[in-house]
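Asker: Sequence:
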Amino acid sequence: MTLDPLGSLLNVFNQNLLSAIIFAPLLGALWLYVFPKKEDGSIYRGVAFLWGMITFGLSCLMLLKFNSESSALQLREHASWIQGFGVHYSLGVDGISVFLVMLTTFLMPIVVLASHSVKTNLRSYLANMLLLETAMLGTLLALDSFLFYIFWEMMLFPMYFLIGIWGGPRRIYATLKFVLYTVFGSVLMLIALLYTVWQHAEQSGAVSFLIADLVKTNFSLQEEILLFAAFALAFGIKVPIFPFHTWLPDAHVEAPTGGSVVLAGVLLKMGLYGFIRFAYPLFPNGAEVFAPYLAILAVIGIVYGALVAWAQSDVKKLVAYSSVSHLGYCVLGFVAFNTISATGSIYQMLNHGISTGALFLLVGVLYDRRHTREISEYGGLASKVPVFAFLFLVFTLSSIALPLTNGFVGEFLILYGSFQTFPLITIVAVSGVVLGAIYMLTLYLKTMFGEIDEAKNGSLTDVNTRELVTLLPLLFMVFYMGIFPQKMLSMIEPSVVSYIQMVEERKDDLTAYVDDHSSGNLRVVNGVTQLIEEEERV
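Position in the sequence shown (from 1) plus 1127 gives the number in my numbering.
Please keep in mind that the hints were generated in silico from the structure rather than gathered at the bench.
One or more hints might be untrue.
[What the hints assert, rightly or not] The list that follows gives simulated cross-link-like pairs (lysine-lysine, BS3-like), each with its CA atoms no further than 25 Å apart:
#1 K1573 x K1614
#2 K1511 x K1583
#3 K1573 x K1583
#4 K1444 x K1246
#5 K1304 x K1444
#6 K1444 x K1343
#7 K1444 x K1573
#8 K1583 x K1192
#9 K1246 x K1164
Input sequences plus hints: build the corresponding full structure.
Answerer: As C-alpha coordinates, this is what we get:
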(Lines of atoms letter the chains of each structure in order from A and count residues from 1; the text may use other names and numbers.)
(Lines give C-alpha, C1' and ligand atoms only; values in the text may rest on other atoms or scores of the structure.)
Protein backbone atom coordinates (compact mmCIF):
# COMPACT_ATOMS: atom_id res chain seq x y z
CA MET A 1 0.00 0.00 0.00
CA THR A 2 1.51 3.34 -1.09
CA LEU A 3 0.85 6.65 0.55
CA ASP A 4 -0.12 9.63 -1.56
CA PRO A 5 0.32 12.73 0.62
CA LEU A 6 -0.84 15.08 -2.12
CA GLY A 7 -3.91 12.97 -2.84
CA SER A 8 -4.76 12.80 0.85
CA LEU A 9 -4.37 16.56 1.16
CA LEU A 10 -6.62 17.17 -1.84
CA ASN A 11 -9.20 14.78 -0.42
CA VAL A 12 -9.24 16.65 2.91
CA PHE A 13 -9.52 19.94 1.04
CA ASN A 14 -12.35 18.58 -1.11
CA GLN A 15 -14.28 17.45 1.96
CA ASN A 16 -13.78 20.78 3.75
CA LEU A 17 -14.27 23.26 0.93
CA LEU A 18 -16.69 25.46 2.86
CA SER A 19 -14.27 25.69 5.79
CA ALA A 20 -11.54 26.70 3.37
CA ILE A 21 -13.79 29.45 1.97
CA ILE A 22 -14.59 30.76 5.45
CA PHE A 23 -11.09 30.76 6.90
CA ALA A 24 -8.98 31.72 3.86
CA PRO A 25 -9.58 35.46 4.51
CA LEU A 26 -8.65 34.96 8.18
CA LEU A 27 -5.36 33.39 7.09
CA GLY A 28 -4.85 36.37 4.80
CA ALA A 29 -5.44 38.77 7.68
CA LEU A 30 -2.84 36.94 9.79
CA TRP A 31 -0.44 36.78 6.84
CA LEU A 32 -0.47 40.58 6.59
CA TYR A 33 1.33 40.75 9.92
CA VAL A 34 4.16 38.49 8.73
CA PHE A 35 5.61 41.44 6.85
CA PRO A 36 7.41 44.26 8.68
CA LYS A 37 5.62 47.58 8.89
CA LYS A 38 6.31 49.67 5.78
CA GLU A 39 5.31 53.11 4.59
CA ASP A 40 4.55 51.77 1.11
CA GLY A 41 1.28 49.90 1.38
CA SER A 42 1.52 48.12 -1.97
CA ILE A 43 2.73 44.86 -0.41
CA TYR A 44 -0.21 44.86 2.01
CA ARG A 45 -2.68 45.50 -0.78
CA GLY A 46 -1.03 42.77 -2.82
CA VAL A 47 -1.31 40.21 -0.02
CA ALA A 48 -4.91 41.16 0.79
CA PHE A 49 -5.86 41.08 -2.89
CA LEU A 50 -4.19 37.67 -3.31
CA TRP A 51 -6.14 36.16 -0.41
CA GLY A 52 -9.31 37.82 -1.63
CA MET A 53 -8.82 36.19 -5.02
CA ILE A 54 -8.00 32.83 -3.42
CA THR A 55 -11.27 32.99 -1.51
CA PHE A 56 -13.15 33.99 -4.66
CA GLY A 57 -11.52 31.10 -6.54
CA LEU A 58 -12.61 28.69 -3.80
CA SER A 59 -16.17 30.01 -3.99
CA CYS A 60 -16.11 29.52 -7.78
CA LEU A 61 -15.09 25.90 -7.14
CA MET A 62 -18.02 25.65 -4.72
CA LEU A 63 -20.33 26.92 -7.46
CA LEU A 64 -18.96 24.36 -9.94
CA LYS A 65 -19.56 21.54 -7.45
CA PHE A 66 -23.04 22.82 -6.59
CA ASN A 67 -25.90 20.71 -8.00
CA SER A 68 -28.32 23.28 -9.39
CA GLU A 69 -31.15 20.74 -9.64
CA SER A 70 -31.05 19.87 -5.95
CA SER A 71 -32.88 21.84 -3.28
CA ALA A 72 -30.98 20.19 -0.43
CA LEU A 73 -28.11 21.61 1.57
CA GLN A 74 -24.89 20.62 -0.17
CA LEU A 75 -21.16 20.28 0.54
CA ARG A 76 -22.09 19.54 4.15
CA GLU A 77 -19.44 19.54 6.87
CA HIS A 78 -20.35 18.29 10.31
CA ALA A 79 -18.40 17.61 13.48
CA SER A 80 -19.18 17.65 17.18
CA TRP A 81 -17.65 20.73 18.79
CA ILE A 82 -18.76 21.19 22.41
CA GLN A 83 -20.45 17.87 23.13
CA GLY A 84 -21.79 18.67 26.58
CA PHE A 85 -23.73 21.66 25.24
CA GLY A 86 -24.88 20.15 21.95
CA VAL A 87 -22.79 22.56 19.87
CA HIS A 88 -21.65 21.38 16.46
CA TYR A 89 -19.39 22.68 13.74
CA SER A 90 -21.90 22.31 10.93
CA LEU A 91 -21.76 23.98 7.52
CA GLY A 92 -23.77 23.73 4.31
CA VAL A 93 -24.86 25.70 1.28
CA ASP A 94 -28.07 25.75 -0.77
CA GLY A 95 -29.60 27.84 -3.53
CA ILE A 96 -30.55 30.54 -1.03
CA SER A 97 -27.01 31.10 0.25
CA VAL A 98 -24.77 30.07 -2.65
CA PHE A 99 -24.91 33.38 -4.53
CA LEU A 100 -24.69 35.45 -1.35
CA VAL A 101 -21.40 33.64 -0.71
CA MET A 102 -20.35 34.39 -4.29
CA LEU A 103 -21.29 38.06 -3.89
CA THR A 104 -19.23 38.34 -0.69
CA THR A 105 -16.09 36.85 -2.21
CA PHE A 106 -16.62 38.75 -5.48
CA LEU A 107 -16.73 42.15 -3.78
CA MET A 108 -13.77 41.76 -1.42
CA PRO A 109 -10.94 41.94 -4.01
CA ILE A 110 -12.70 45.00 -5.46
CA VAL A 111 -12.80 46.60 -2.01
CA VAL A 112 -9.07 45.93 -1.57
CA LEU A 113 -8.30 47.64 -4.88
CA ALA A 114 -10.44 50.58 -3.79
CA SER A 115 -8.39 51.10 -0.62
CA HIS A 116 -5.90 53.59 -2.08
CA SER A 117 -7.55 56.48 -0.27
CA VAL A 118 -6.66 54.86 3.07
CA LYS A 119 -3.45 56.52 4.24
CA THR A 120 -3.17 55.52 7.89
CA ASN A 121 -2.48 52.04 9.23
CA LEU A 122 -3.35 50.32 5.96
CA ARG A 123 -2.31 46.89 7.21
CA SER A 124 -4.87 46.92 10.02
CA TYR A 125 -7.53 48.30 7.67
CA LEU A 126 -7.06 45.41 5.24
CA ALA A 127 -6.85 42.87 8.08
CA ASN A 128 -10.20 44.08 9.39
CA MET A 129 -11.70 43.78 5.91
CA LEU A 130 -10.54 40.18 5.60
CA LEU A 131 -11.71 39.37 9.12
CA LEU A 132 -15.11 40.83 8.24
CA GLU A 133 -15.22 38.60 5.15
CA THR A 134 -14.62 35.52 7.30
CA ALA A 135 -17.42 36.57 9.66
CA MET A 136 -19.89 37.17 6.82
CA LEU A 137 -19.07 33.88 5.10
CA GLY A 138 -19.40 32.00 8.37
CA THR A 139 -22.79 33.59 8.98
CA LEU A 140 -23.99 32.48 5.55
CA LEU A 141 -22.73 28.91 5.81
CA ALA A 142 -23.35 28.01 9.48
CA LEU A 143 -26.04 25.40 10.19
CA ASP A 144 -25.57 25.41 13.96
CA SER A 145 -27.24 28.31 15.75
CA PHE A 146 -24.36 28.73 18.24
CA LEU A 147 -21.85 28.86 15.37
CA PHE A 148 -24.12 31.28 13.52
CA TYR A 149 -24.29 33.53 16.58
CA ILE A 150 -20.50 33.59 16.94
CA PHE A 151 -20.04 34.66 13.32
CA TRP A 152 -22.95 37.11 13.63
CA GLU A 153 -21.30 38.85 16.58
CA MET A 154 -17.90 38.60 14.94
CA MET A 155 -19.14 40.89 12.14
CA LEU A 156 -19.57 43.71 14.64
CA PHE A 157 -15.92 44.11 15.63
CA PRO A 158 -14.25 44.71 12.24
CA MET A 159 -17.04 47.09 11.22
CA TYR A 160 -16.63 48.92 14.53
CA PHE A 161 -12.96 49.55 13.77
CA LEU A 162 -13.46 50.30 10.06
CA ILE A 163 -15.91 53.11 10.83
CA GLY A 164 -14.38 54.21 14.15
CA ILE A 165 -10.76 54.48 12.96
CA TRP A 166 -10.94 55.12 9.21
CA GLY A 167 -14.28 56.94 9.10
CA GLY A 168 -15.16 60.60 8.65
CA PRO A 169 -15.38 63.49 11.13
CA ARG A 170 -18.47 62.09 12.92
CA ARG A 171 -17.19 58.53 12.97
CA ILE A 172 -17.41 58.12 16.77
CA TYR A 173 -21.10 59.04 16.78
CA ALA A 174 -21.82 56.77 13.82
CA THR A 175 -19.89 53.90 15.37
CA LEU A 176 -21.62 54.12 18.74
CA LYS A 177 -25.03 54.29 17.08
CA PHE A 178 -24.23 51.25 14.95
CA VAL A 179 -22.92 49.27 17.93
CA LEU A 180 -25.81 50.14 20.27
CA TYR A 181 -28.44 49.17 17.70
CA THR A 182 -26.65 45.93 16.85
CA VAL A 183 -25.94 44.88 20.43
CA PHE A 184 -29.54 45.56 21.47
CA GLY A 185 -30.80 43.25 18.74
CA SER A 186 -28.15 40.63 19.43
CA VAL A 187 -29.04 40.41 23.13
CA LEU A 188 -32.70 39.83 22.27
CA MET A 189 -31.74 37.16 19.74
CA LEU A 190 -29.47 35.42 22.25
CA ILE A 191 -32.23 35.29 24.88
CA ALA A 192 -34.71 33.91 22.33
CA LEU A 193 -32.17 31.41 21.05
CA LEU A 194 -31.33 30.09 24.51
CA TYR A 195 -35.04 29.73 25.32
CA THR A 196 -35.55 27.82 22.07
CA VAL A 197 -32.65 25.48 22.87
CA TRP A 198 -33.98 24.96 26.40
CA GLN A 199 -37.45 24.12 25.08
CA HIS A 200 -35.94 21.67 22.62
CA ALA A 201 -34.00 20.00 25.43
CA GLU A 202 -37.14 19.79 27.57
CA GLN A 203 -39.09 18.13 24.77
CA SER A 204 -36.42 15.87 23.28
CA GLY A 205 -34.21 15.16 26.27
CA ALA A 206 -31.09 16.28 24.39
CA VAL A 207 -29.41 19.67 24.10
CA SER A 208 -28.70 20.77 20.53
CA PHE A 209 -28.00 24.04 18.75
CA LEU A 210 -28.40 22.52 15.28
CA ILE A 211 -31.06 24.30 13.24
CA ALA A 212 -32.25 20.93 11.91
CA ASP A 213 -33.00 19.87 15.50
CA LEU A 214 -34.44 23.17 16.71
CA VAL A 215 -37.09 23.21 13.97
CA LYS A 216 -38.60 20.11 15.58
CA THR A 217 -39.40 22.06 18.76
CA ASN A 218 -43.05 22.76 19.56
CA PHE A 219 -44.27 26.12 20.86
CA SER A 220 -47.55 27.71 21.80
CA LEU A 221 -48.61 30.62 19.62
CA GLN A 222 -47.79 33.12 22.38
CA GLU A 223 -44.27 31.70 22.56
CA GLU A 224 -43.90 31.84 18.80
CA ILE A 225 -45.02 35.46 18.67
CA LEU A 226 -42.60 36.56 21.39
CA LEU A 227 -39.68 34.54 20.07
CA PHE A 228 -40.26 35.63 16.49
CA ALA A 229 -40.45 39.26 17.67
CA ALA A 230 -37.06 38.93 19.38
CA PHE A 231 -35.42 37.43 16.28
CA ALA A 232 -37.23 39.91 14.02
CA LEU A 233 -35.88 42.88 15.99
CA ALA A 234 -32.31 41.57 15.75
CA PHE A 235 -32.56 40.84 12.04
CA GLY A 236 -34.72 43.89 11.27
CA ILE A 237 -32.11 46.21 12.76
CA LYS A 238 -29.44 44.70 10.53
CA VAL A 239 -31.49 44.93 7.29
CA PRO A 240 -32.48 47.67 8.37
CA ILE A 241 -36.29 47.76 8.40
CA PHE A 242 -38.06 51.06 9.12
CA PRO A 243 -38.00 52.48 11.84
CA PHE A 244 -34.72 50.79 12.86
CA HIS A 245 -32.86 52.30 9.92
CA THR A 246 -31.49 55.48 11.51
CA TRP A 247 -28.02 54.04 12.15
CA LEU A 248 -27.47 53.24 8.46
CA PRO A 249 -27.12 56.71 6.84
CA ASP A 250 -24.64 57.81 9.51
CA ALA A 251 -22.64 54.60 9.17
CA HIS A 252 -22.55 54.90 5.38
CA VAL A 253 -21.59 58.57 5.33
CA GLU A 254 -18.80 58.19 7.89
CA ALA A 255 -17.44 54.83 6.68
CA PRO A 256 -14.54 54.76 4.22
CA THR A 257 -15.47 53.84 0.66
CA GLY A 258 -14.58 50.17 1.13
CA GLY A 259 -16.61 50.01 4.32
CA SER A 260 -19.66 51.45 2.55
CA VAL A 261 -19.32 48.95 -0.30
CA VAL A 262 -19.16 45.98 2.09
CA LEU A 263 -21.93 47.39 4.28
CA ALA A 264 -24.31 47.90 1.36
CA GLY A 265 -23.09 44.98 -0.70
CA VAL A 266 -23.19 42.18 1.84
CA LEU A 267 -23.57 43.11 5.51
CA LEU A 268 -27.14 44.40 5.25
CA LYS A 269 -28.18 41.15 3.57
CA MET A 270 -27.33 39.23 6.73
CA GLY A 271 -30.48 40.52 8.42
CA LEU A 272 -32.83 39.19 5.76
CA TYR A 273 -30.80 35.98 5.56
CA GLY A 274 -31.39 35.57 9.31
CA PHE A 275 -35.14 35.80 8.72
CA ILE A 276 -34.84 33.13 6.05
CA ARG A 277 -32.59 30.68 7.88
CA PHE A 278 -33.89 31.11 11.44
CA ALA A 279 -36.96 33.18 12.19
CA TYR A 280 -39.40 31.71 9.66
CA PRO A 281 -38.50 28.00 10.01
CA LEU A 282 -38.42 28.14 13.82
CA PHE A 283 -41.57 30.22 14.37
CA PRO A 284 -43.77 30.01 11.24
CA ASN A 285 -47.05 30.85 12.96
CA GLY A 286 -45.46 33.81 14.70
CA ALA A 287 -44.13 34.88 11.31
CA GLU A 288 -47.61 34.58 9.82
CA VAL A 289 -49.01 36.87 12.52
CA PHE A 290 -46.28 39.46 11.92
CA ALA A 291 -46.16 39.20 8.10
CA PRO A 292 -48.76 41.94 7.34
CA TYR A 293 -47.07 44.31 9.78
CA LEU A 294 -43.64 43.60 8.31
CA ALA A 295 -45.08 44.22 4.85
CA ILE A 296 -46.45 47.58 6.01
CA LEU A 297 -43.09 48.53 7.54
CA ALA A 298 -41.38 47.44 4.33
CA VAL A 299 -43.55 49.67 2.14
CA ILE A 300 -43.12 52.58 4.57
CA GLY A 301 -39.38 52.07 4.25
CA ILE A 302 -39.67 51.98 0.45
CA VAL A 303 -41.55 55.27 0.23
CA TYR A 304 -39.87 57.01 3.17
CA GLY A 305 -36.37 56.04 2.02
CA ALA A 306 -37.10 57.32 -1.48
CA LEU A 307 -38.55 60.64 -0.28
CA VAL A 308 -35.68 61.30 2.13
CA ALA A 309 -33.14 60.34 -0.55
CA TRP A 310 -34.78 62.86 -2.89
CA ALA A 311 -34.28 65.59 -0.28
CA GLN A 312 -30.55 64.96 0.29
CA SER A 313 -27.80 67.38 -0.66
CA ASP A 314 -25.02 64.89 0.17
CA VAL A 315 -24.59 62.33 -2.61
CA LYS A 316 -23.37 59.57 -0.27
CA LYS A 317 -26.28 60.08 2.09
CA LEU A 318 -28.63 59.95 -0.91
CA VAL A 319 -27.26 56.55 -1.92
CA ALA A 320 -27.50 55.42 1.73
CA TYR A 321 -31.21 56.28 1.94
CA SER A 322 -31.76 54.61 -1.42
CA SER A 323 -30.59 51.41 0.30
CA VAL A 324 -33.37 51.77 2.87
CA SER A 325 -35.85 51.97 0.00
CA HIS A 326 -34.38 49.13 -2.06
CA LEU A 327 -34.07 46.74 0.86
CA GLY A 328 -37.71 47.44 1.67
CA TYR A 329 -38.52 45.63 -1.58
CA CYS A 330 -36.43 42.65 -0.47
CA VAL A 331 -38.33 42.47 2.83
CA LEU A 332 -41.71 42.84 1.09
CA GLY A 333 -40.86 40.08 -1.37
CA PHE A 334 -39.86 37.67 1.34
CA VAL A 335 -42.75 38.26 3.76
CA ALA A 336 -45.21 37.84 0.86
CA PHE A 337 -43.88 34.29 1.06
CA ASN A 338 -44.58 32.74 -2.29
CA THR A 339 -42.09 31.25 -4.72
CA ILE A 340 -42.05 34.18 -7.14
CA SER A 341 -41.69 36.95 -4.58
CA ALA A 342 -39.18 35.10 -2.36
CA THR A 343 -37.01 34.18 -5.36
CA GLY A 344 -37.16 37.80 -6.49
CA SER A 345 -36.20 38.95 -3.00
CA ILE A 346 -33.04 36.83 -2.96
CA TYR A 347 -32.16 37.93 -6.50
CA GLN A 348 -32.72 41.56 -5.57
CA MET A 349 -30.35 41.23 -2.61
CA LEU A 350 -27.65 40.30 -5.11
CA ASN A 351 -28.64 43.13 -7.44
CA HIS A 352 -28.51 45.68 -4.64
CA GLY A 353 -25.03 44.52 -3.68
CA ILE A 354 -23.80 45.01 -7.24
CA SER A 355 -25.50 48.31 -8.12
CA THR A 356 -25.30 50.14 -4.81
CA GLY A 357 -21.77 48.89 -4.19
CA ALA A 358 -20.79 50.38 -7.55
CA LEU A 359 -22.49 53.68 -6.74
CA PHE A 360 -20.52 53.95 -3.49
CA LEU A 361 -17.32 53.26 -5.43
CA LEU A 362 -18.18 56.07 -7.86
CA VAL A 363 -18.96 58.44 -4.99
CA GLY A 364 -15.54 57.52 -3.59
CA VAL A 365 -13.91 58.35 -6.93
CA LEU A 366 -15.41 61.84 -6.83
CA TYR A 367 -14.58 62.35 -3.17
CA ASP A 368 -10.93 61.35 -3.69
CA ARG A 369 -10.62 64.17 -6.24
CA ARG A 370 -12.71 66.95 -4.70
CA HIS A 371 -13.08 65.98 -1.03
CA THR A 372 -16.70 67.03 -0.99
CA ARG A 373 -19.94 65.09 -1.38
CA GLU A 374 -22.23 68.09 -1.80
CA ILE A 375 -24.30 67.71 -4.96
CA SER A 376 -24.28 71.49 -5.48
CA GLU A 377 -20.48 71.39 -5.85
CA TYR A 378 -20.77 69.43 -9.08
CA GLY A 379 -22.33 70.01 -12.48
CA GLY A 380 -21.42 69.51 -16.11
CA LEU A 381 -19.05 66.66 -15.30
CA ALA A 382 -20.00 64.60 -18.37
CA SER A 383 -17.88 66.86 -20.59
CA LYS A 384 -14.88 66.58 -18.28
CA VAL A 385 -15.04 62.90 -17.20
CA PRO A 386 -17.03 61.04 -19.90
CA VAL A 387 -16.07 57.50 -18.82
CA PHE A 388 -17.12 58.27 -15.25
CA ALA A 389 -20.38 59.76 -16.56
CA PHE A 390 -21.10 56.62 -18.60
CA LEU A 391 -20.46 54.30 -15.64
CA PHE A 392 -22.53 56.50 -13.36
CA LEU A 393 -25.37 56.39 -15.90
CA VAL A 394 -25.34 52.59 -16.16
CA PHE A 395 -25.37 52.04 -12.41
CA THR A 396 -28.03 54.72 -11.98
CA LEU A 397 -30.25 52.97 -14.52
CA SER A 398 -29.59 49.67 -12.77
CA SER A 399 -30.61 51.23 -9.46
CA ILE A 400 -33.93 52.44 -10.90
CA ALA A 401 -34.62 48.98 -12.39
CA LEU A 402 -34.45 49.78 -16.10
CA PRO A 403 -35.28 46.71 -18.24
CA LEU A 404 -32.19 44.75 -19.36
CA THR A 405 -30.39 45.71 -16.16
CA ASN A 406 -30.18 43.49 -13.11
CA GLY A 407 -32.44 45.69 -10.99
CA PHE A 408 -35.45 45.16 -13.23
CA VAL A 409 -35.60 41.38 -12.83
CA GLY A 410 -35.60 41.37 -9.04
CA GLU A 411 -38.09 44.23 -8.59
CA PHE A 412 -40.47 42.78 -11.19
CA LEU A 413 -40.53 39.37 -9.49
CA ILE A 414 -41.02 40.96 -6.07
CA LEU A 415 -43.90 43.19 -7.16
CA TYR A 416 -45.56 40.45 -9.23
CA GLY A 417 -45.33 37.90 -6.42
CA SER A 418 -46.19 40.32 -3.61
CA PHE A 419 -49.34 41.46 -5.40
CA GLN A 420 -50.73 37.95 -4.97
CA THR A 421 -50.39 38.21 -1.17
CA PHE A 422 -50.61 41.94 -0.38
CA PRO A 423 -52.28 43.66 -3.37
CA LEU A 424 -52.92 47.06 -1.75
CA ILE A 425 -49.50 47.24 -0.11
CA THR A 426 -47.85 46.29 -3.40
CA ILE A 427 -49.69 49.05 -5.27
CA VAL A 428 -48.27 51.56 -2.79
CA ALA A 429 -44.82 49.98 -3.17
CA VAL A 430 -44.90 50.69 -6.92
CA SER A 431 -44.66 54.39 -6.06
CA GLY A 432 -41.15 53.67 -4.79
CA VAL A 433 -40.12 52.72 -8.33
CA VAL A 434 -41.32 56.11 -9.61
CA LEU A 435 -39.70 58.01 -6.74
CA GLY A 436 -36.47 56.08 -7.23
CA ALA A 437 -36.33 57.13 -10.86
CA ILE A 438 -36.97 60.74 -9.87
CA TYR A 439 -34.25 61.11 -7.24
CA MET A 440 -31.59 59.09 -9.09
CA LEU A 441 -32.13 60.80 -12.45
CA THR A 442 -32.27 64.18 -10.71
CA LEU A 443 -28.92 63.38 -9.10
CA TYR A 444 -27.48 62.41 -12.48
CA LEU A 445 -28.77 65.54 -14.21
CA LYS A 446 -27.46 67.85 -11.48
CA THR A 447 -23.99 66.35 -11.42
CA MET A 448 -23.35 65.34 -15.03
CA PHE A 449 -25.10 68.07 -17.05
CA GLY A 450 -25.33 71.83 -16.97
CA GLU A 451 -22.46 74.30 -16.87
CA ILE A 452 -19.19 73.13 -15.39
CA ASP A 453 -17.50 75.31 -12.79
CA GLU A 454 -13.95 75.42 -14.14
CA ALA A 455 -12.57 76.84 -10.89
CA LYS A 456 -13.88 73.89 -8.88
CA ASN A 457 -14.05 71.01 -11.35
CA GLY A 458 -11.91 72.06 -14.28
CA SER A 459 -8.97 69.94 -13.13
CA LEU A 460 -10.97 66.75 -12.53
CA THR A 461 -9.49 63.66 -14.15
CA ASP A 462 -11.43 60.69 -15.47
CA VAL A 463 -11.35 57.25 -13.87
CA ASN A 464 -7.89 55.71 -13.91
CA THR A 465 -6.95 52.13 -14.73
CA ARG A 466 -7.17 50.91 -11.14
CA GLU A 467 -10.62 52.44 -10.67
CA LEU A 468 -11.76 51.01 -13.99
CA VAL A 469 -10.63 47.54 -12.92
CA THR A 470 -12.82 47.79 -9.80
CA LEU A 471 -15.88 48.93 -11.76
CA LEU A 472 -15.81 46.81 -14.93
CA PRO A 473 -16.67 43.50 -13.17
CA LEU A 474 -19.69 45.20 -11.60
CA LEU A 475 -20.65 46.66 -14.98
CA PHE A 476 -20.53 43.19 -16.51
CA MET A 477 -22.75 41.77 -13.75
CA VAL A 478 -25.36 44.51 -14.25
CA PHE A 479 -25.99 43.35 -17.81
CA TYR A 480 -25.37 39.64 -17.28
CA MET A 481 -27.91 39.45 -14.46
CA GLY A 482 -30.33 41.66 -16.37
CA ILE A 483 -30.18 39.87 -19.73
CA PHE A 484 -29.47 36.28 -18.62
CA PRO A 485 -31.16 35.90 -15.23
CA GLN A 486 -32.45 32.38 -15.80
CA LYS A 487 -29.21 30.58 -14.95
CA MET A 488 -29.07 32.07 -11.46
CA LEU A 489 -32.82 32.00 -10.88
CA SER A 490 -32.93 28.30 -11.78
CA MET A 491 -30.39 27.61 -9.03
CA ILE A 492 -32.22 29.73 -6.45
CA GLU A 493 -35.79 28.58 -7.14
CA PRO A 494 -35.57 24.86 -6.17
CA SER A 495 -34.28 25.77 -2.71
CA VAL A 496 -36.97 28.43 -2.34
CA VAL A 497 -39.72 25.96 -3.29
CA SER A 498 -38.39 23.35 -0.86
CA TYR A 499 -37.93 26.00 1.83
CA ILE A 500 -41.50 27.32 1.56
CA GLN A 501 -42.84 23.76 1.63
CA MET A 502 -40.78 23.00 4.74
CA VAL A 503 -42.01 26.12 6.56
CA GLU A 504 -45.64 25.39 5.62
CA GLU A 505 -45.34 21.80 6.88
CA ARG A 506 -43.84 23.01 10.15
CA LYS A 507 -46.65 25.54 10.45
CA ASP A 508 -49.20 22.74 10.09
CA ASP A 509 -47.38 20.62 12.68
CA LEU A 510 -47.26 23.48 15.18
CA THR A 511 -50.90 24.34 14.57
CA ALA A 512 -51.83 20.73 15.31
CA TYR A 513 -49.68 20.86 18.45
CA VAL A 514 -51.42 24.04 19.62
CA ASP A 515 -54.83 22.51 18.86
CA ASP A 516 -53.96 19.54 21.04
CA HIS A 517 -52.46 21.52 23.92
CA SER A 518 -54.17 24.91 23.93
CA SER A 519 -56.50 25.86 26.74
CA GLY A 520 -57.73 29.41 26.81
CA ASN A 521 -54.80 30.37 24.55
CA LEU A 522 -54.29 31.99 21.20
CA ARG A 523 -53.82 29.64 18.30
CA VAL A 524 -53.81 29.74 14.50
CA VAL A 525 -56.73 28.14 12.68
CA ASN A 526 -56.74 28.31 8.87
CA GLY A 527 -54.24 31.14 9.01
CA VAL A 528 -56.37 33.28 11.36
CA THR A 529 -55.41 34.09 14.92
CA GLN A 530 -58.27 33.17 17.24
CA LEU A 531 -58.86 33.06 20.98
CA ILE A 532 -59.88 29.59 22.09
CA GLU A 533 -61.94 29.58 25.22
CA GLU A 534 -60.88 27.17 27.93
CA GLU A 535 -62.88 24.00 27.81
CA GLU A 536 -64.72 23.08 30.94
CA ARG A 537 -63.11 20.21 32.74
CA VAL A 538 -65.41 17.43 33.77
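Asker: Check the structure against each numbered hint from earlier and tell me which ones fail, lowest number first.
Answerer: Going through the list in order, the structure violates hints 1, 6 and 8 and respects the others.
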